[in-house]
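S.K.: These are the residues of each chain, in order.
Number of protein chains: 4
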Amino acid sequence: MAGSRYEYVKNFERDEVLLHNCWVVVRVDGRAFHQFVDEHDFIKPNDKRGLDLMNECALEVCKNFSDCVVFAYGESDEYSFVLSRDTKLFNRRQAKIITSFSSLFASNYVFLWSRFFPDKALKRPPAFDARAVCYPTTENLRDYLSWRQADCHINNLYNLCYWKLVESGKSRTEAEKLLSTTLSQDKNELLFKQFGINYAHEPEMFRKGSIICKVWADETKKDEKTGQEKTRKKRRLRVVYCDIIGDKFWKENPEILNEES
Amino acid sequence: MAGSRYEYVKNFERDEVLLHNCWVVVRVDGRAFHQFVDEHDFIKPNDKRGLDLMNECALEVCKNFSDCVVFAYGESDEYSFVLSRDTKLFNRRQAKIITSFSSLFASNYVFLWSRFFPDKALKRPPAFDARAVCYPTTENLRDYLSWRQADCHINNLYNLCYWKLVESGKSRTEAEKLLSTTLSQDKNELLFKQFGINYAHEPEMFRKGSIICKVWADETKKDEKTGQEKTRKKRRLRVVYCDIIGDKFWKENPEILNEES
Amino acid sequence: MAGSRYEYVKNFERDEVLLHNCWVVVRVDGRAFHQFVDEHDFIKPNDKRGLDLMNECALEVCKNFSDCVVFAYGESDEYSFVLSRDTKLFNRRQAKIITSFSSLFASNYVFLWSRFFPDKALKRPPAFDARAVCYPTTENLRDYLSWRQADCHINNLYNLCYWKLVESGKSRTEAEKLLSTTLSQDKNELLFKQFGINYAHEPEMFRKGSIICKVWADETKKDEKTGQEKTRKKRRLRVVYCDIIGDKFWKENPEILNEES
Amino acid sequence: MAGSRYEYVKNFERDEVLLHNCWVVVRVDGRAFHQFVDEHDFIKPNDKRGLDLMNECALEVCKNFSDCVVFAYGESDEYSFVLSRDTKLFNRRQAKIITSFSSLFASNYVFLWSRFFPDKALKRPPAFDARAVCYPTTENLRDYLSWRQADCHINNLYNLCYWKLVESGKSRTEAEKLLSTTLSQDKNELLFKQFGINYAHEPEMFRKGSIICKVWADETKKDEKTGQEKTRKKRRLRVVYCDIIGDKFWKENPEILNEES
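Protein chains in written order, with my numbering: chain A, 1 to 261; chain B, 1001 to 1261; chain C, 2001 to 2261; chain D, 3001 to 3261.
Be a bit skeptical, because a hint or two may be false.
[As the list claims (entries may be wrong)] Chain A side only, calculated, beta carbon under 10 Å to chain C, not exhaustive: (1) 21; (2) 89; (3) 90; (4) 93; (5) 137; (6) 140; (7) 147.
Rather than coming from a laboratory, the hints here were simulated on the basis of the structure. Where is the CB? At the ideal position from N, CA and C, for every residue including glycine.
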């Protein structure tokens, strides 16, 4: 065949395979989203439309790879997808996995944009980078997810204070300086005393981030013969907002990580 | 800080760095495009609108990474981007590079769709996988590009025969069987004798694929003082269709790979 | 400094790090030992002196890396060293670990040769290659060790039959052919009926391979004051020969893999 | 087969392949040689016996892998082996290559010890770590070798000054402090003025390190018929001491790196 003289160049390709029997986390991350968010006038510090759009993109990714993704967690412009320990997706080839996830997320972002921002034109299509990380134990994976949720909390508390201060007339530099020495409790107090905000009453979506997984949900169906309505519990893919650092969530949903409850 | 207890999980991350002083090729590839193309009724074997859209996405990627990408070659549902030997893009981190390219390509595909398919709604957003390959010498890189252009030729000739046979009433299985034993010259002859097609007269875009690079172009500018028009040669990013297997193109454009001409 | 102009070449170096929190197995393997063994007239199928030498080399490696190696298993010309999940040895850099193990094993092989082969000069120094493999769970690690011990058993049974047949006058080709269709029980029967050998009575070192780990051992010490002898149990590094496929060994020695017993 | 249930553990193995068409440098390095050298009372700053032993080990490695190794350079307790761009050794598997080199070097070190240190018993067998680095161009490779030879020069000049100062009665701390601010020319002057040493007259082996490669050598052979002696030039593996930073050596030996001279 005419092409065969050149085919030796395929030998330069290499496929990194993710270690077997490890949890795989694929974290997708908006590229230069700081700027993207400014260009599109997102509400600060949290724009519910933007987060809903992120969640919808993540849901699409979860559905597309429903055999593999068992859990997803999103905050800000990032989303982490947890693939089951024994996933055979693309034979665990790292490059295939991360590029498929990042590109599907990005193309959905553009595709779904107008549903969440009906009055605002998308000025340019964004990019999302992605990486895959292997975690050998469920404890390591839980710690990863805790790390992201703690990060969400820390950033959100900070950002809320920051934007309230800026709204109230402080310059950005002043706000930064003011917050630079504060602890969590100081920020809670500042919000309460100065702005009358009880942080604990802020929406869970903002404070906890978004979780996508199959949870038990009541499903009501009419029995075709008797006409009676029956309610059954089924596991359904849902976006939920709750704490995943403590054990409660995982004890209530032992099927997700397949742990003995 | 509250998150610090979990931060050890970052140690599980690893960054593969692409070998220094090698040409880097990032090849982006449509995922399951066979099916995508059917769903959207692309013209077989080549849909100019689809190829133009691919080219426009690639152009956007080239502009976004204009410091690094020195050449791009596309055919069918794939595009290869050549990064300069000394690129510092993302410190040559493989995962960052391939996910940024694949996701930017994919988001542009959706963003630009309606410009090329004004009458056809995009049914679902596609994914593109990507890989990066290092080539130590310019000869290896040229052979890579020759491999892809030879592949384009081989596939295009085959596909043209195949679809002409199907159009003419053969079943798909018959067409496949008929072509399975043919050489290039047989296919040329079949096209000419049976369908009156001179393959050499088919559009270069189909036969050669698409090339994106800076080529010398005449640029005419009116002198503000004298009002006279002046034509100067400038290197401009363009899509061109031509042979890149032979030396001619590279001798005429020695700046692309920075070879001594 | 004079050298600085060239120091950029260090950027081409890369360090692959073994995934955290995984068991690491370093398997050292004699290079072309078939030939080495022939050159030095080893007794077939098992030369106790050769195996004792392997064990002594492995012991030296275990002592040299006593903080990290928790278990070692040897058979024939190979030795597997198990590093603890949390080992920080050379910051888990793969190249450092495998080359240190292989070279220390090889240099000890030469150094200790004359102790085990006092009447036989070493004709040439051997090489040992090595590889590192990560195992995320204790189950995977146990299965790895079972795989090696099963391999030891299978090879040893085969080799015993083979060499007995050759001793008895069969050609090597005849012996091979005769054994090619036999199952384990056939081989046991052949040994018993034809050569009066009860395989189960063969030395455990040959049938089970060699294990190096800390086991509970009685240690007797004279009390300096009272002059009375006291016996205490202590964990001591030992070579033992026993089954490690079943649970018994691991239940008796839960400290090795730090499992809850 | 009995073992098959466990064989899945092989899937956890991975083979990193060194990039094709790159020069491969395998650098072997004595582990904790500072201490080893003290234990064996090596002469400071250079012990010719020790360097000769290193060279002999390297020669053995070169002979063992004569198809692949085209050049070797040694200084102090390290040796760099250059493998040809197109070497197929172990299918370019990194782990196989570096462990074979490190272990063969180490086993030879013990094997050959008594030839170079006939009056001194080897107290313990040393380990050598190793790494492999890919260099895409001959320029990169030449710069690597220049880097090592510059390093040799810098260290040797420093060490000579240091040990002369210590011999002359300075404490180690004083010597270190005294040298910490000196440039090359200061050290040359110190040697000359204080110790009457012209550094340029020091043995080339110490100042330049050791090179192993095939060089043109006269070979005299008696013609069997005529009884006349004939001298012919042949390329023979030799240890030589000379500058490899400048172009002279490489111009005189263009066959080594297969460059057009």
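S.K.: For every hint, state whether the structure bears it out.
M.R.: Against the structure, the hints:
no.	hint	result
1	21	holds (5 Å)
2	89	violated (17 Å)
3	90	violated (19 Å)
4	93	violated (17 Å)
5	137	holds (6 Å)
6	140	holds (6 Å)
7	147	violated (14 Å)
Hints 2, 3, 4, 7 from the list above are not met by this structure, while the remaining hints are.
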